[in-house]
Amino acid sequence: MRFWRRGETQPHTGFTLNVSVSGLFLGTGHPLTAGERIRMELVDADRGFFAEGKVARVHKVALALRHVQQPGVGVRFLAPEDLVAELVPGARAAPATRYRSLQGEDASQAASAESSGEVSERGATEDAEMEGLEVVPADFVDASSFLSVYHRDIASGGLFLSTASPAQLNQLIVVELHLPGVAGPPPRFRARVVQRIEPTAAVGRGRNLLAGMGVQFLDRESVIDALRPVLAALRR
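Residues in the sequence shown are numbered consecutively from 0, following the working numbering.
Hints in this document: simulated from the structure, not taken from any laboratory. Because the structure is a prediction, the values reported are computed rather than measured. A few of these clues could be false.
To be verified - Each computed SDA-like pair below joins lysine to any residue, with the alpha-carbon atoms no more than 25 Å apart: (1) Lys59 to His150; (2) Lys59 to Thr162; (3) Lys59 to Leu86.
To be verified - Distance windows between CB atoms, simulated: (4) Pro179 to Gly6: 37 to 45 Å; (5) Pro10 to Lys59: 21 to 29 Å; (6) Asp141 to Glu7: 33 to 41 Å; (7) Gly180 to Pro10: 28 to 36 Å.
Cβ atoms here follow ideal geometry from the backbone N, Cα and C, with glycine treated the same way.
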């Protein structure tokens, strides 16, 4: 693989063994940051292609461990509508507002009822979509650790989950965030596995202590919206 950072004319080289329809893991020692835009070329004589992507998470590996682990980044492919929306702000227009001829209190009550119905319907749909999916908890020891992970990974649409039993590539799972000091049931979000680090050691016997999986949230905007009040509470 080759890739370019914004403003660069000379490519950097890398490789990938994990590719899905939504992204890939780019093995490289070149320092990239979460949220950064890059242009990639998957080099193949017959089926190669170019793609724009955004770094969802950074997988750093200490020098002493690089003989068993490859540093790199999880990259989310950018869809054409994302690129057009960046180029032409407002191109992704909001749905047209439905107007009513009701007046005063009746209109207010109708709008409130409609809003409640939409929220209820959306919640029922989300529950149905999560049914049957494996639930993987993500525990945070304190507010500082969650805020660090949020700004580094979650805000860019991804997360790395340390686990001895990572799911298969492209598998859909439910990520359950256990947040410190936050009352109520833990928020849940659907995600797709885009990187898998094997639980068995690459050299010798034993377990790989770095085992886990990188996931990409299916709806990054809804995750950010749902966590906005949590962020406000933890920053106080």
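Structure-based check of each hint:
Pair hint Lys59 plus His150 holds up; C-alpha atoms about 16 Å apart against a cutoff of 25 Å. Under the criterion of a C-alpha separation no larger than 25 Å, the hint pairing Lys59 with Thr162 is consistent with the structure, at around 17 Å. Restraint check: the Cα-Cα separation between Lys59 and Leu86 comes to about 32 Å, which exceeds 25 Å; the hinted pair is violated. Range check, Pro179 to Gly6: about 40 Å between beta-carbon atoms, so the 37 to 45 Å window is met.
For the hinted restraint 21 to 29 Å between Pro10 and Lys59, the CB-CB distance of approximately 22 Å keeps it satisfied. Restraint check, Asp141 to Glu7: a C-beta distance of roughly 38 Å satisfies the suggested window 33 to 41 Å. For the pair Gly180 and Pro10, the supplied restraint of 28 to 36 Å is violated, since their beta-carbon distance comes to about 46 Å.
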